[in-house]
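*Asks:* Take each chain as given, in its own frame, and dock them per the hints.
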Amino acid sequence: MNHLIDRRLSGKNKSAVNRQRFLRRFKAQIRRAAADAVSGRKVSDLERGEKISIPAKDLNEPQFHHGSGGRRNVVHPGNKDFVTGDQVDRPPSGSGQGSSASQDGEGMDEFVFELSREEFMNFFFEDLALPDLVKKQLSATPEIKRVRAGFVSEGNPANLNVVRSMKTALGRRLAMSAGPREALREAEESLAELTARGEADSEAATLLREEIAALRTRIAAVPFIDAYDLRYTNRIDQAQPSTRAVMFCLMDVSGSMDEERKNIAKRFFMLLYLFLTRNYERIDVVFIRHHTVAMEVSEDEFFHSRESGGTVVSSALELMLDVIRERYPSGSWNIYAAQASDGDNWHDDSPRCRELLQGAILPLVQYYAYVEIKAEQPQSLWQEYEQIADPGFAMRRILDLPDIYPVFRDLFKKKAAA
Amino acid sequence: MSGYISEGSEWTFELLQRYDEEIARVAESYGLDTYPNQIEVITSEQMIDAYSSVGMPVGYHHWSFGKQFMATQQNYQRGQMGLAYEIVINSNPCIAYLMEENTLPMQALVIAHASYGHNSFFKGNYLFRSWTDAEGILDYLVFARNYVAECEERHGVEAVEEILDSCHALMSHGVDRYKRPARLSMAKEQARQKEREDYLQSQVNALWRTLPTRPEKESAERLERFPPEPQENLLYFIEKNAPRLAPWQREIVRIVRKIAQYFYPQRQTQVMNEGWATFWHYTLLHALYEQGKVNDGFMLEFLQSHSNVIYQPPFHHRAYGGINPYALGFAMYRDLRRVCEAPDEEDRRWFPDIAGSDWLKTLDYAMRNYKDESFVAQFLSPRLMREIRLFSVLDDDEQDKLEISAIHDESGFRQVRQLLADQYNLGQREPNIQVWNVDIYGDRTLTLRHFMHNRRPLGDSTEEMLKHVARLWGYGVRLESVDENGRVAHTASCQIKPA
Chain R
1 MNHLIDRRLS GKNKSAVNRQ RFLRRFKAQI RRAAADAVSG RKVSDLERGE KISIPAKDLN
61 EPQFHHGSGG RRNVVHPGNK DFVTGDQVDR PPSGSGQGSS ASQDGEGMDE FVFELSREEF
121 MNFFFEDLAL PDLVKKQLSA TPEIKRVRAG FVSEGNPANL NVVRSMKTAL GRRLAMSAGP
181 REALREAEES LAELTARGEA DSEAATLLRE EIAALRTRIA AVPFIDAYDL RYTNRIDQAQ
241 PSTRAVMFCL MDVSGSMDEE RKNIAKRFFM LLYLFLTRNY ERIDVVFIRH HTVAMEVSED
301 EFFHSRESGG TVVSSALELM LDVIRERYPS GSWNIYAAQA SDGDNWHDDS PRCRELLQGA
361 ILPLVQYYAY VEIKAEQPQS LWQEYEQIAD PGFAMRRILD LPDIYPVFRD LFKKKAAA
Chain L
419 MSGYISEGSE WTFELLQRYD EEIARVAESY GLDTYPNQIE VITSEQMIDA YSSVGMPVGY
479 HHWSFGKQFM ATQQNYQRGQ MGLAYEIVIN SNPCIAYLME ENTLPMQALV IAHASYGHNS
539 FFKGNYLFRS WTDAEGILDY LVFARNYVAE CEERHGVEAV EEILDSCHAL MSHGVDRYKR
599 PARLSMAKEQ ARQKEREDYL QSQVNALWRT LPTRPEKESA ERLERFPPEP QENLLYFIEK
659 NAPRLAPWQR EIVRIVRKIA QYFYPQRQTQ VMNEGWATFW HYTLLHALYE QGKVNDGFML
719 EFLQSHSNVI YQPPFHHRAY GGINPYALGF AMYRDLRRVC EAPDEEDRRW FPDIAGSDWL
779 KTLDYAMRNY KDESFVAQFL SPRLMREIRL FSVLDDDEQD KLEISAIHDE SGFRQVRQLL
839 ADQYNLGQRE PNIQVWNVDI YGDRTLTLRH FMHNRRPLGD STEEMLKHVA RLWGYGVRLE
899 SVDENGRVAH TASCQIKPA
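Quick note, the sequences are listed as chains R and L, same order.
Residues in the first sequence are numbered from 1 upward in steps of one, following my numbering.
Residues in the second sequence are numbered from 419 upward in steps of one, following my numbering.
Bound-form chain L, shown alone (with noise of 0.2 Å):
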């Protein structure tokens, strides 16, 4: 008799629940701390669906869900594109979709992937554990849809529409960076909602009230700014001071920024995470193999899809289109491992706190209190950056040619690193934009300011974006771009007729 689980690859739920337990134990044995899991099996029409709503369960109807469907259930019976393995939510239980039309190993991937390694990475990493609720997100999800319908139903489908347009386009600017948010659960939410709705209304008003005020107060008001401080969260802004918008797309306004606040976190922990879930299922899957639980048709199956995940071609292929998260992250776990368990001289001359650690604790301190920006910083080591022969590109606009400024060399080690982990680092990567002014005496013009950094200027869709903008604010919106020495070197503008 032989001690696999399994000989063929057909699944079965028998099958599918005893790698789900072998699994388990394995990721218990190496102190894995996962919500509970809730594996579910789909079709490959259910995944097109789940992915065209950006992998939430439950979502508010909008067309351009409606447009990435289209586009996924083109290309994938054209076959132009496989369809992910697996989605996972962060949520309470922790749920994972597995496609019926996967193989036994693959679905045993999946499991340790998502059900283990995204599952403990969502429990651990400070980011999840501070910004998102695993607990109620579900919740709020289903809270969001019904009001999202409960307005197309009062208010018509196209008012909605023109109101969600436009906060999707300022989603990424809808985000607090530093400060945390309160906890969000249904319950609460729906209570608070309506008491939200009067007291803002309220707030709103005595902002704009139109009543003349004494003239001695009011000189010493107009010296002071508003907002007074630069606002980077553009939603949170809108929400709380557009004179114009109806309670209900304030709170509309609230749900996008919700949604794109929970979001955020797994955007700034793409490397991290991925490597994360495929650093453990190849470790896992291993485990399981020297243990004698799965034959070699498995681990060659699995092993396929494995390097096929973690594939990075080089900067001059035609497949290339920049670093591969998996890749990277895979390679930097891996890495860390060594350094744990291995370390050489140069390992202890770069990180001398951690070379011939515990690599257990150490992975699971850098799962934990890092993203990826300063888990680059901190983690890449030389020798990786040898191995994957990493070098930076300085393009300046200035210079006929392009120059290579770093590579992996003793003098290039740490700037590449630098420049690779600032590469993560969202705030550089998305415009820096934020509410600089209100001309509250006069004609309610909203003024942004762009704040450049290296002279880059913003894309061509920003006139676009202004109008957005402007039919949030309900006046005239203008948005200023900040060179370095604090000189305004360019403005566009967006006016509104008053109505």
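Isolated chain R (complex conformation) (with noise of 0.2 Å):
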């Protein structure tokens, strides 16, 4: 007896087990490789998927085989020419008929797979050692939530707002009746004024009260609720982050800040960045790079140009004034602001620094981090800015990765209790 079966519709994740498996035995490999990915991409573009390739050799699964050498035998189709005995030149190996012992492993060399975006994100927190509810809360993709917008007619029963429909049909009653009820006032003061004078039984008040009859029927036959009265809440999807933020990147790229440095900068700026994308739903990025003058550039450029010479933070600081003015007036922008440096500045410049930030910035600016990254002592920006006081002020000295999680505690406490 055949059967034919429509298995299309059980399970298919059967490997998600077996993949799982996979990612776990080679999470050091992967997460190589995904750190590799994070350098390569920009502050706003952390949040998809990743191809992710690892040296396929780690992952080979060994079989006792055979190597190279020895004496063989193979026998080979669609011979054109040869004959028994002829001598034939060694082909380049890896083409022709010398490579027929695939069972040496030839192949890939890299092995290629996908990261689900989910998968990726958690390998970035991985490194930053994010708390796990941390994690969560940025993970998870912006929430839109239901809210209440009016009263519409049209609507399906569960949403049937019983006030406002009894409301409605009130004042339609009202309305359609209002045209009889005052003829009928006027029939009935008549009536009393017939009856009054004694002419009750008078051919005009029979009149009378036959039209106040008829009226009567009339005012009742207005339906005391109609389909058109019926009225239903009306609810829409509202993205939940709804406001707007620009963020400010200030980093310096004299001479002493190297490749590892603008590494952890980076790190730093996408990890408020992802931070700011949970509460807000547009975010601008302006990228302002110094050494002793400072420029808006490009994000490209940010990360990957290189200059020399001495450093002016203050440069820096007075260009962000400038933009704010210009384009982000904070009625109307939520601004924030990460600075990256080693440290160094120029020493007279310091007290200018904080002056300007305590004076100009912080009013203007929802958030304010300063991170110093691997000075082996603090330096003099560093203990300039240590003398500020202020809730949306932020500062840290970064050694490694870990060390940046630290920096947003304060933000974000401030952001839950809000």
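Because the hints were derived from the structure by calculation, they are not lab data.
Accuracy of the hints is not assured; some may be wrong.
Listed next, the in silico DSS-like pairs over lysine-lysine satisfying Cα-Cα at most 27 Å (straight line) [claimed, not checked]: (1) L:K676 with L:K612; (2) L:K885 with R:K27; (3) L:K885 with R:K14; (4) L:K819 with R:K80; (5) L:K676 with L:K885.
*Replies:* Here it is, written out as structure tokens:
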């Protein structure tokens, strides 16, 4: 007896467990590849999957097999003009007849596969040692909230708003019966008048009575509730973060900031960006780099070009103030700023930076974070900044990636409490 | 009214049913003996799933299956690779998967190929009959999956994974090449498993007991080797004798070994099995065409797929990757039929017994009683060798150049045929490695011997492999490569610190 079975609807993710096993087993390699991928990405472009490739030799499954060498005979099809006893040069390995030993494991050098967005984010977070709660909040897709938006005349019964419908019905009844009720009142008054005059049995009175009866029937015939009285509660989708923000990235690009420091700085900026995407619908990013003079640049230039020379931090702060005045009035924008530096500054400039921050910038911005990356000793800028006491200001020295997160802790707490 | 079963290329379940009935009718008229069929329609995603568990419908969890899955998925999504049209499982009833994306002619091809071709091969071939148990395999796989899952719960995923890794590495050396296994079924397995655990442990303990024996007896024993005869089944030897494996680890070794054994006949009969299925889908669908059941459009589509399947690029072609088993097998069965039906003088000389015989009986006999190696050695005709222009190349690392050792001519036929047959001999294709000795009175080192054939050395994975063997054995492992004169040409070893 033969059976024909439709299995299309039975489970399809049979391999999900095996896939997870694979990811767990090669975590170290995948994490390295993911870290490289992060370095190649834009600050605002963190949230998507990634194609990961890891060296195939790291994950091969060995078997006992023959190596090259020794003496062997191999049979091939498609002889053209060979005759027995011909001597032929060895072909270069990997092509033609010599390559038939495919069990020697020739093939791809790289094993390539896709990480989903969640998986990729997990690897990113792991480096930064984020607490679980934060990871969860950051990796959740922005939620859409359904909010009330008045009442509509069409909808499904579950959303029927009784009070509103009754009110409309009442209004309609009043409106529809207004004319007859006026006439009824007049007729009743006339009848009362006639009755008072003792003419209750007159012809006029009879007519009036008939009119009154007709009017009463008419008023009673106004429907108590009708289809077009019905009102339904209306709800619409509203994206939860609904305001806009601008994020300033300030970085020292003087000679002392090497690639490693820049990479740490980049992750710092990325994380801030991620935090902001949870709270704001639209985010602009402004990159300002500085050595002795500051410049607004594209992201690519920001991370990859290299300058030398001294450092005047205040130039960047001044430029930032200019940009704020010009393009991002603080009334309609939430302003965040993140500054990364190795702490070097021209000595006389540091007090000026503090003044600028305290006097001009901090009143305008929601939050200002300063990180000093891999500085052996607290530098002059640090010592000046230490004197600033403002809830919207955070600073930290970063020696390694896990140090980044605490910078955000204050910011995050504040947001959670609000 | 036309008598066609269908005109379009969209399939429906009713049409599949009708095709199956028609194909079954024709197959019966040719005398194909099959298990009952269970045809399942699945999606491409499910096909990828099935793919990555080496075609087992249920399997235990392991990262290597995940790797296979991701590679397949990646290649499929980027369009670098089509999926196989079908997967068929050697079980009773015989399960065949059809992919929903395929057109109706493709589905009909797959039904003929898998449900009648492969199915009858599974039921008829002597290797499958004696090595595999179609009734019990699904039950056993369920047992295996549950057992491995239970071990993971009790001993941790990592510990189980380590054992599985090592067992998988030794899978191709975990089969009995000559001895017949006992039949397996879930009920018996479960009942016996506990018993076996206890018994095995006591046996092993006896073998390794550390109580001193009497001196005179000891010296007599010392002359005896252990094992007395070399053993080819490394996993079996480890399962029975490795001193430090826990009972559950032994059971896992056994599970991997059983599964390796189950797939062993498939590896030995690739050419025969695929050739047989291809020959029958070709023959069955042609019969339907001749009976006016399918139209020209159907046949064109079918022939196009069919000729893709049996395409054999010549050796100098970019796409050449060795001999295509579908092509060779199909050509050999066709040729065999020709020898029976219209033999010429050469055929009568080479195949006096079968030239002019009943082709159905001859093919059935060949299908039942041979494996690739002997099938080629017995039935490859000179005419076919000429047609596909077979030649053999000698690659000797002591010579500067390659030598063409034989071609498809009168003096070379026998040699080419023998060489091709050898090529399908798994015993020659895989290195011959056997358990040689265990130092039971000393440090318990396990010595393996690799018997070199034609001076061919082992590949670069050997070091890695010895680590796997050592992990299972629990003590040091030595590997000696022995050349044809019995001299030890090369040794490798892996020491393990006694815990």
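*Asks:* So, for every hint listed, does it hold in this structure?
*Replies:* A quick look at each hint next to the structure:
no.	hint	result
1	L:K676 with L:K612	holds (17 Å)
2	L:K885 with R:K27	holds (22 Å)
3	L:K885 with R:K14	violated (31 Å)
4	L:K819 with R:K80	holds (18 Å)
5	L:K676 with L:K885	holds (22 Å)
In the structure shown, a violation is registered for the earlier hint numbered 3 alone.
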